[in-house]
Amino acid sequence: MGLLSRKVTCNSHGQDSSYFLGWQEYEKNPYDEVKNPKGIIQMGLAENQLCFDLLESWLAKNPDAVSFKREEQSIFKELALFQDYHGLPAFKKALVDFMAEIRGNKVSFDTDHLVLTAGATSANETLMFCLAEKGDAILLPTPYYPGFDRDLKWRTGAEIVPIQCSSSNGFQITKSALEAAYQEAQRKNLRVKGVLVTNPSNPLGTTMSRNELDLLVNFVTDKEIHLISDEIYSGTVFSSPAFVSIMEVLKDRKLENTQVWERVHVVYSLSKDLGLPGFRVGAIYSNDPIVVAAATKMSSFGLVSSQTQYLLSAMLSDKKFTKEYISKNHKRLQKRQNKLVSGLEKAGISCLESNAGLFCWVDMRHLLSSNTFEAEMELWKRIVYDVKLNISPGSSCHCTEPGWFRVCFANMSEDTLKLAMQRLKSFVSSITIDNQTHQDLKNMRKKNRTKWVFRLSFQSFHDREQGER
Amino acid sequence: MAIEIEQPRVGLSKVAVSKTHGEDSPYFAGWKAYDENPYHETSNQSGVIQMGLAENQVSFDLLEKYLEEHSEASSWGKGAPGFRENALFQDYHGLKSFRQAMASFMEQIRGGRAKFDPDRIVLTAGATAANELLTFILADPGDALLIPTPYYPGFDRDLRWRTGVNIVPIHCDSSNNFQITPEAMEAAYQSAESMNLKVRGILITNPSNPLGATIQRSALEQILDFAVNKNIHLVSDEIYSGSTFSSSEFISIAEILETRGYKDAERVHIVYSLSKDLGLPGFRVGTIYSYNDQVVTTARRMSSFTLISSQTQHLLACMLSNKEFSENYIKTNRERLSKRYDMIIKGLKKAGIECLKGNAGLFCWMNLSPLLEKPTRESELALWKVILNEVKLNISPGSSCHCSEPGWFRVCFANMSEQTLEIALERIHKFMEQRKRS
Numbered sequence: 001m002g003l004l005s006r007k008v009t010c011n012s013h014g015q016d017s018s019y020f021l022g023w024q025e026y027e028k029n030p031y032d033e034v035k036n037p038k039g040i041i042q043m044g045l046a047e048n049q050l051c052f053d054l055l056e057s058w059l060a061k062n063p064d065a066v067s068f069k070r071e072e073q074s075i076f077k078e079l080a081l082f083q084d085y086h087g088l089p090a091f092k093k094a095l096v097d098f099m100a101e102i103r104g105n106k107v108s109f110d111t112d113h114l115v116l117t118a119g120a121t122s123a124n125e126t127l128m129f130c131l132a133e134k135g136d137a138i139l140l141p142t143p144y145y146p147g148f149d150r151d152l153k154w155r156t157g158a159e160i161v162p163i164q165c166s167s168s169n170g171f172q173i174t175k176s177a178l179e180a181a182y183q184e185a186q187r188k189n190l191r192v193k194g195v196l197v198t199n200p201s202n203p204l205g206t207t208m209s210r211n212e213l214d215l216l217v218n219f220v221t222d223k224e225i226h227l228i229s230d231e232i233y234s235g236t237v238f239s240s241p242a243f244v245s246i247m248e249v250l251k252d253r254k255l256e257n258t259q260v261w262e263r264v265h266v267v268y269s270l271s272k273d274l275g276l277p278g279f280r281v282g283a284i285y286s287n288d289p290i291v292v293a294a295a296t297k298m299s300s301f302g303l304v305s306s307q308t309q310y311l312l313s314a315m316l317s318d319k320k321f322t323k324e325y326i327s328k329n330h331k332r333l334q335k336r337q338n339k340l341v342s343g344l345e346k347a348g349i350s351c352l353e354s355n356a357g358l359f360c361w362v363d364m365r366h367l368l369s370s371n372t373f374e375a376e377m378e379l380w381k382r383i384v385y386d387v388k389l390n391i392s393p394g395s396s397c398h399c400t401e402p403g404w405f406r407v408c409f410a411n412m413s414e415d416t417l418k419l420a421m422q423r424l425k426s427f428v429s430s431i432t433i434d435n436q437t438h439q440d441l442k443n444m445r446k447k448n449r450t451k452w453v454f455r456l457s458f459q460s461f462h463d464r465e466q467g468e469r
Numbered sequence: 001m002a003i004e005i006e007q008p009r010v011g012l013s014k015v016a017v018s019k020t021h022g023e024d025s026p027y028f029a030g031w032k033a034y035d036e037n038p039y040h041e042t043s044n045q046s047g048v049i050q051m052g053l054a055e056n057q058v059s060f061d062l063l064e065k066y067l068e069e070h071s072e073a074s075s076w077g078k079g080a081p082g083f084r085e086n087a088l089f090q091d092y093h094g095l096k097s098f099r100q101a102m103a104s105f106m107e108q109i110r111g112g113r114a115k116f117d118p119d120r121i122v123l124t125a126g127a128t129a130a131n132e133l134l135t136f137i138l139a140d141p142g143d144a145l146l147i148p149t150p151y152y153p154g155f156d157r158d159l160r161w162r163t164g165v166n167i168v169p170i171h172c173d174s175s176n177n178f179q180i181t182p183e184a185m186e187a188a189y190q191s192a193e194s195m196n197l198k199v200r201g202i203l204i205t206n207p208s209n210p211l212g213a214t215i216q217r218s219a220l221e222q223i224l225d226f227a228v229n230k231n232i233h234l235v236s237d238e239i240y241s242g243s244t245f246s247s248s249e250f251i252s253i254a255e256i257l258e259t260r261g262y263k264d265a266e267r268v269h270i271v272y273s274l275s276k277d278l279g280l281p282g283f284r285v286g287t288i289y290s291y292n293d294q295v296v297t298t299a300r301r302m303s304s305f306t307l308i309s310s311q312t313q314h315l316l317a318c319m320l321s322n323k324e325f326s327e328n329y330i331k332t333n334r335e336r337l338s339k340r341y342d343m344i345i346k347g348l349k350k351a352g353i354e355c356l357k358g359n360a361g362l363f364c365w366m367n368l369s370p371l372l373e374k375p376t377r378e379s380e381l382a383l384w385k386v387i388l389n390e391v392k393l394n395i396s397p398g399s400s401c402h403c404s405e406p407g408w409f410r411v412c413f414a415n416m417s418e419q420t421l422e423i424a425l426e427r428i429h430k431f432m433e434q435r436k437r438s
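Line order of the protein sequences matches chains L and Z.
Taking full-length UniProt numbering, the leading residue of the first sequence gets 1, the next gets one more, and so forth.
Taking full-length UniProt numbering, the leading residue of the second sequence gets 1, the next gets one more, and so forth.
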């Protein structure tokens, strides 16, 4: 018909990226311990499945929370009618307390500054609608969560300009990288509106250092722009250094009631820490009353179900539960991450040292046939189709260096993780043999590499692409 | 609450500081007066009675009975075996069982006269989200949608605020019971053209809010023909479809398409929600049903920004797939709303007030034009203030619904008990008596 908006035909929804194609392959042939032991193991999904037993046991002990009762009285009608975009007061209170508890109570949050949204996906987009529009840019350190391309740009019309980070310093943000990104945006005639960081980082799995946080505060103060800190993984920090929230930095530097204070906004969600992505619980926290007011009205387009708000207000107000949950969640994540790291080590693969998140940032540069993204894609396809592991290639996260992959560890059983590591180990051994053979061949045919060899490998590469579609 | 901003604040987007959220209109100011002095049956009998909120409170007992008898709907069963799968489920296709239940419910509401394919159902957090999402997909910033007046005040925000799309009204008036005519549609189209606005679609609400009446078959045919002739989209917001007092009187655009063999269907999109028919606005359950594959695919992707809680999808999948429950609910809900409607019409007639003949919805469209000093918007607002402050009733002035004829008001009747409605009618009666005397 040709009668749909430009938003339909543009590609900013990002669903043609490899990040989503890997999922498609997994869906066609998903691993199952019993029914499909040779299937693809999903290691591209950042889900936290390690603490459901704690949630289930809480639910069993607190049936009122799901049967619409408060102190044995039915509140069904009250909840069914509750669509106030200010949110259920009891839930907001429980949520800000939980956020404070995660931060070791070093900072506190005010419910008046909190806006509830249907997930962090909605929170990030809503914040962007409030802060930026067509012609504006937001700076993001690479590598970053692939979903941001859709969430921040698609319907808002804003642009993302990357802050290039490299392995030379553990992918930390530097002053020069910030400046370079700012210049790049100006070169593109874009007005820089702010910086968005994910802390702890996805896909790195690391917490930002205080030094980096200070750098950021100085940068946004100097340029008079906004700072969004997506702290969705704040409850997954399982080893030192401890998590330092941007709010803590502002407090320590006594920046409350200064201009920069009102330009810092935090995003949170229960999808990762509590493992409840289906419930769509996200939040924006801002010190700017105008942002809070605008975001609150915009939340009409993505409110949290009152049924869910009630359940979680009961759960998160149970301080005995939250204390136990936070602690056990950390321990189990740490244990699981260790298993992944040691499994990778056995396969001769190292990863970025991490202390948070539901994934590791894995270094497979030594397995690339060349230091290019084409080689990264080649390797990734082999891992998906031959090794049968769906992992996320660094290029889908806009990493500037080929060869890095994000590998999730908290969305499967321990046994499945073990199996995945075994498969990887076998694969690496075979590559080593291949490379050895290849090297021998290379030496033998140094000057006589026939064209038909190239044509053949090029052909099979193309066949695979057809298969993907 | 209105925000006083004198000039754009540095650092925020134009959308953030614009007034297109529309919350400064009297539609919302009346709520303020109610919030400050709300009527209560025992503790505040002289307070303001809320008649500006289109909520359906007449059938909660049916829902509560179902929940009592089916605890697995709200608790994932004993030992919660389904809990973790449900908690992890964030697929934007939506729970299949819920989509199937929704499709079947929509079919039941239409007496089986239209069929719905669960795979064409896109789920959103409420109809508010569905309408905005569709606008993002069907129009670009600066384009226009044609909407018959009077219309739901929320559309000014939902369709225009973040999308940058314009609304051009299709003026309807009481000379023909506010029905939509081809002449009015054409005039609106020309008006848009003269403003250099590209018209992308026409959006109707059927049954109508605020009229409380279904759109007739002949009008629906003309509207669809108009959309075909101009090669634009047709969005039919059928959020009140289950609130028609008699099942046979509601004709869905889906039925019109069916009789036409689905020719031209790819420009038609239906919006639905459980907020009115089931009285569950807090649960945020909306849907887009589109006959256009590209719209379905794109809407699905966009729904990532506004997914329905999987906990709620699970509850409603259980409830709506229970045929015994859904059939009884639809039938009983209709009967009760019809009874309420009769009650308010009789009461208003006794007070000497006429209403538009209605057959659906949670409100009636009341004609107070004989009471206006002058046939102007200002007189209407003056009368509205009197009714709010002296009679202590919050009703919605027609001007907030963009009605071009002053003197009409939308009065809700399903968001209160029968006793409260009696009190409201007594107050109106007294007010009219006083005016007659003076």
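I should point out that these hints are in silico values taken from the structure, not numbers from a laboratory.
The C-beta atom is built at its ideal place from N, Cα and C for all residues, glycine as well.
Incorrect hints may appear among the rest.
Pair by pair, the computed Cβ-Cβ distance ranges are [claimed, not checked]:
hint	chain 1	residue 1	chain 2	residue 2	range
1	Z	ASN328	L	SER67	15 to 23 angstroms
2	L	LYS77	Z	SER174	56 to 64 angstroms
3	Z	ASN328	L	ALA60	51 to 59 angstroms
4	Z	GLU107	L	ASN36	32 to 40 angstroms
5	L	SER350	Z	GLU107	22 to 30 angstroms
6	Z	ASN177	L	PRO63	45 to 53 angstroms
7	L	LYS77	Z	GLY82	20 to 28 angstroms
8	Z	LYS115	L	SER429	40 to 48 angstroms
9	Z	GLY111	L	ALA60	52 to 60 angstroms
10	L	SER67	Z	GLU327	48 to 56 angstroms
11	L	LYS106	Z	LYS115	33 to 41 angstroms
12	Z	THR297	L	GLU33	32 to 40 angstroms
13	Z	ARG260	L	LYS61	40 to 48 angstroms
Calculated Cβ distances over 10 angstroms to all of chain L for the following chain Z residues [as the list claims (entries may be wrong)]:
hint	residue
14	SER13
15	ALA29
16	GLN57
17	LEU138
18	PHE325
19	LYS346
20	SER404
21	GLN419
Results of checking the hints against the structure:
In this structure the hint that Z/ASN328 and L/SER67 lie 15 to 23 angstroms apart at CB holds, the actual value being about 22 angstroms. At about 37 angstroms, the beta-carbon gap between L/LYS77 and Z/SER174 misses the expected band of 56 to 64 angstroms. Between Z/ASN328 and L/ALA60 the Cβ separation comes to about 32 angstroms, which falls outside the hinted range of 51 to 59 angstroms. Between Z/GLU107 and L/ASN36 the beta carbon distance is about 36 angstroms. The supplied range of 32 to 40 angstroms therefore holds.
For the pair L/SER350 and Z/GLU107, the beta carbons lie near 58 angstroms from each other, so the given range of 22 to 30 angstroms is not met. Between Z/ASN177 and L/PRO63 the beta carbon distance is about 52 angstroms. The supplied range of 45 to 53 angstroms therefore holds. Checked against the hint of 20 to 28 angstroms, the pair L/LYS77 and Z/GLY82 passes, with Cβ atoms roughly 26 angstroms apart. The beta-carbon spacing between Z/LYS115 and L/SER429, approximately 57 angstroms, falls outside the hinted interval of 40 to 48 angstroms.
Between Z/GLY111 and L/ALA60 the beta carbons are some 43 angstroms apart, a value that contradicts the proposed interval 52 to 60 angstroms. At roughly 25 angstroms, the beta-carbon separation of L/SER67 and Z/GLU327 lies outside the given 48 to 56 angstroms, and the hint is violated. About 58 angstroms separates the C-beta atoms of L/LYS106 and Z/LYS115, a value inconsistent with the hinted range of 33 to 41 angstroms. The hinted range of 32 to 40 angstroms is satisfied by Z/THR297 and L/GLU33, whose Cβ atoms lie roughly 33 angstroms apart.
For the hinted restraint 40 to 48 angstroms between Z/ARG260 and L/LYS61, the CB-CB distance of approximately 57 angstroms leaves it violated. Listed as a non-interface residue, Z/SER13 fails to keep its Cβ farther than 10 angstroms from every Cβ of chain L; the least gap is roughly 5 angstroms. Residue-level check passed: Z/ALA29 sits 16 angstroms from the nearest beta carbon of chain L, beyond 10 angstroms. With a minimum CB-CB distance of about 7 angstroms to chain L, Z/GLN57 fails to clear the 10 angstroms threshold, and the non-interface call is violated.
Look at Z/LEU138: its CB is around 6 angstroms from the nearest CB on chain L, not clear of 10 angstroms, so calling it non-interface is violated. The beta carbon of Z/PHE325 is kept farther than 10 angstroms from every beta carbon of chain L, the shortest such distance being approximately 15 angstroms. With a minimum CB-CB distance of about 27 angstroms to chain L, Z/LYS346 clears the 10 angstroms threshold, and the non-interface call stands. Under the 10 angstroms C-beta cut-off, the non-interface status given to Z/SER404 relative to chain L holds; the minimum distance is some 27 angstroms.
The non-interface label for Z/GLN419 is consistent with chain L: the shortest C-beta to C-beta separation is roughly 17 angstroms, beyond 10 angstroms.
Figure legend: structure checked against the earlier numbered hints; hints not met, in rising order: 2, 3, 5, 8, 9, 10, 11, 13, 14, 16 and 17.
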